[in-house]
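Protein chains: 2
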Amino acid sequence: MAFTPATREQRFVLDHIVRIGDLADTERFAAASDDVVDAVLEGVGQFAAGEWAPLNRAGDTVGAKWTERGVVMPDGFAQAYKDYVEGGWGTIGVDEAWGGQGLPFAIQTAVLDTLGSANMGFALCPTLTVGAIEALAHHGSPEQQALYLPHLATGEWTGTMNLTEPQAGSDVGALRATATPLGDGKWSIKGTKIYISFGDHDMAPNIVHLVLARTPGAPAGTRGISLFLVPKYRLNADGTPGDFNDVRVISIEHKMGLHASPTCVLSFGDNDDCVGELIGAELGGIRAMFTMMNNARLNVGLQGVQVAEGATQGAVAYALDRVQSARAGSPDKAPVRIVEHPDVRRMLMRMKAQTQAARALVYYAAGQVDRANMGDAAARNRLEIMTPLAKAHGTDLGNEVASLGIQVFGGMGYVEETGAAQYFRDARITPIYEGTNGIQAADLVGRKLALDNGGAFATLIADIRAETTDTGLIALVDACDAIGRRLATADADDKLAASYPFLTMLSVATCGWLMERQGRIAAEGSDDFSAMKTATARFYLDQIVPEAMGLKAAATASAAILYAISPEAFAA
Amino acid sequence: MAFTPATREQRFVLDHIVRIGDLADTERFAAASDDVVDAVLEGVGQFAAGEWAPLNRAGDTVGAKWTERGVVMPDGFAQAYKDYVEGGWGTIGVDEAWGGQGLPFAIQTAVLDTLGSANMGFALCPTLTVGAIEALAHHGSPEQQALYLPHLATGEWTGTMNLTEPQAGSDVGALRATATPLGDGKWSIKGTKIYISFGDHDMAPNIVHLVLARTPGAPAGTRGISLFLVPKYRLNADGTPGDFNDVRVISIEHKMGLHASPTCVLSFGDNDDCVGELIGAELGGIRAMFTMMNNARLNVGLQGVQVAEGATQGAVAYALDRVQSARAGSPDKAPVRIVEHPDVRRMLMRMKAQTQAARALVYYAAGQVDRANMGDAAARNRLEIMTPLAKAHGTDLGNEVASLGIQVFGGMGYVEETGAAQYFRDARITPIYEGTNGIQAADLVGRKLALDNGGAFATLIADIRAETTDTGLIALVDACDAIGRRLATADADDKLAASYPFLTMLSVATCGWLMERQGRIAAEGSDDFSAMKTATARFYLDQIVPEAMGLKAAATASAAILYAISPEAFAA
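Protein chains in written order, with the working numbering: chain G, 689 to 1260; chain U, 689 to 1260.
For the record, the hints were derived by calculation from the structure and aren't laboratory data. As the structure is a computational prediction, the values presented were derived from the model and not from experiment. A few of these clues could be false.
One copy or two, it doesn't matter: identical chains are merged, so the pair holds either way.
[As the list claims (entries may be wrong)] Subject to a maximum C-alpha distance of 20 Å in a straight line, what follows is the list of computed EDC-like cross-link-like pairs (lysine to aspartate or glutamate): (1) Lys1021 / Asp859; (2) Lys1021 / Asp1182; (3) Lys770 / Glu844; (4) Lys878 / Glu970; (5) Lys1021 / Asp1179; (6) Lys753 / Asp960; (7) Lys1021 / Asp763.
Construct the entire structure; sequences and hints are all you get.
What follows is the structure, given as structure tokens:
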């Protein structure tokens, strides 16, 4: 499918949801002028459409391949990655101190949005590098930062996150990888990690693994975890990659989708020759991990936007082209383009509205990252509460839109050649990794509702109330307010039983708020884009917001019904 | 994954939803005694678990393969199919006159449910044969019936339905295949058909294609269509398969799932040597097609049940086995089986409830087939209104449950080896074929609401009202009643714009009715099964019924918002 960068939509959301102008008015982000933002959006759009989108299908059909020499990417990926590095697209959001451009995280979000809409599996590689940069920038030593960050900033070297082990999935604290002091300040790393995205590939001269492991005598659980920097190749004295560091890729997973992204099983220290450096303090791993994961969660929410954008573009193009059946109730019996049929329009309108809602939600959260980074405590709280919403609801919407995309294509959607199925398969991992959406919901009701004594939640509710004039949205916000306050003090089981429906309600309330604002502003315009934005906002408020109210019963139910039967009775 | 036939659940639904006892009290179905029903359910359960379930994964990973000699099934399928034929499982619902057992369609539904839960792609083959049997039994000549039905009844020969052409998907009337009289009462068939499930394979000595084509001078559109019987091999004088009938399989589709089912492109009459016989009257094709498709639609709804059953069994088994994380809020910090975590229980409870709801809906409709076949006009009307609900909502639920199944597995669900992904991929075709779910919704609001001057709809509403005591369900039924009466006379665009959300509401109301009854009856029992049924019914009424109320806004919206923008604005 041809990919057209959503440049105008991105600019609109940056202007009115991120309020990028306010950021550009600060000293820190003065570089984010209108001209620069436009140049970045257009430049990455051209690059992604020209070089990455054409590789999307080969990424799926050929996929990354495991060989004895390591993982080999499909033809064209190495060159396209090189061009990404040379184009400077990796440096957008990185601090100038490390060779970055120091632009807002929100701009970097827009760049990753475009790259991932063109080729989601490929874009996961730079997304992971961003996580490694964040961890090193916040917790690395000056030496580590100097040696590694400039290479990570450009993307010349890529980064990975090594958390999961077979017995330690959602329960990170159960991990068993070990780090033993070598006496010279360095550590010998040993263990097996699974689900390591881009854990190996042939596009970069070095790969920087960030590895969670236990040091000798460390307490059990998450408090006993430390974070280590473990390069694939140790650095020479001049900082160039040198000796192999005993990090082996044992296999890659055979996944339903996202085939361009090699999901590796990595073995560290098979020959007792894997050397790592501590990042931050010993036993400080969980804190460093959260630094790395929080933005990673936003970036996974962004993958929901990416897949929704791609699937919507494909479905719209097909519906504008495919002729089938006369319009019902029309005196004209000639077949029409399927976009003319009401139920197809309903699907397309929903796809457009949900894609925009997801984008607004994730970009809004990204804008809070920038404000929080400048020390804005309110923005920090807002970011905290937005993160589970952006991750979970953003990815849920990506899945919904990808499924609608198949439906618009009909039988053709189920045949792989059209590409609609790829979006659907690619999307399905996003509600799982970086903390399942159930874990996001637990985070929302467990930690985020309690944040600032409930203040973080209360100010979100207040902000929505202050701006909306839509009666449906007001009803939803009122319901969220009451449920959220009740859940904050509910017993653990009741809280968790209601967490997912509540997360959806609060996400829709937030999206409704941001969509209503966009609709109000778009209504001032008169072209197709403005008309489309006005209509999708109206549709969202009139049809999607009331749907979320249907979750109220589930969000106010206790856990009793779930525990009314024994575990074994589920198999009856 | 190990497959356990849902024998007890099937028996429960046959007893209390189909009310199979009432059928067994009739002369026609006197054979459907308790003992026979139990023997059939247990027998097919053993057969499916022992022979078909073990082939499910090879059906996916190896799949049906196109070769120059025709389609080749994976190893083991031919033998397992032979055993199906010899076991008599194809004959269950076929009239005794054709060598069948003359048992109710509802029992045949249970048999296909079990076969498809074990191996959905494989079970599509007998499902299609059922359609061919129906068409011939209702519209074939005595000679055709005598020659073909006994072989189709056993499944020795298999059947196909040939409707779709590249330009004629949902718009069947646009087809171009031709039939030209040969002068001896037979016809020369010419044309290309696509999406022909089991259009070729190596498991049977003959394949009976039912082909829609146009005769010379036939009017345009659906009124110009006739149905033809076109065997792969012409019959010898003694009725055995003889000369090749010039039906070639050109290719099979590369689909996202359902790989065990070869989706063929068939070319008829490449060498002008394809001979067909008219089934029924010339130009009577569309009527015959509907005979064939109506039950096929129920059988596709049943595929939703099959995939939901398989996915649920897999997720429950995993959740009962996988140990991860301590229970939140518990003083005991030891990790527990994930079934103990509230959000996992919520997912499992939802999977169980939705699977049972889908099964009740489809079996209920199947029971109406049997009553309608005995001349019960009310049952005929009920069947008419149930068919789009069973097809669309049954398949929607299959997809929802398969997606939840992946989520319960977490990262393992995205890796193909666990099988959770296969259910998800297999399920996605079901809302598309046999009339997309959008077309089902159009059928509901366009034809079925008007049936019997609205009487078919009104009696459904009345029956639900007469039995339910649940306030949430009463509210939903009231809403459906008001919306249905309004839509019956609405303008075409408004009707269609609201059709899908309305279909979902009415489906949930119907499922709620059938679930409430099951819960009431199950509450009299005291074992795990009864407790489970009581809990899922309660969960359905308390949480899923209110969700459907959230669709009220969409089901009462006009089409105006969808047409507020130009088609091209969807690409803006």
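Do the hints match the structure? See the list:
1. Lys1021 / Asp859: Classified as between; 12 Å across copies, 60 Å inside a copy.
2. Lys1021 / Asp1182: Result: close only across copies, 19 Å inter versus 56 Å intra.
3. Lys770 / Glu844: within (8 Å within a copy, 59 Å between copies)
4. Lys878 / Glu970: within (16 Å within a copy, 76 Å between copies)
5. Lys1021 / Asp1179: Between copies, since 17 Å is at most 20 Å while 61 Å is not.
6. Lys753 / Asp960: neither (27 Å within a copy, 47 Å between copies)
7. Lys1021 / Asp763: Neither, since 48 Å and 49 Å both go past 20 Å.
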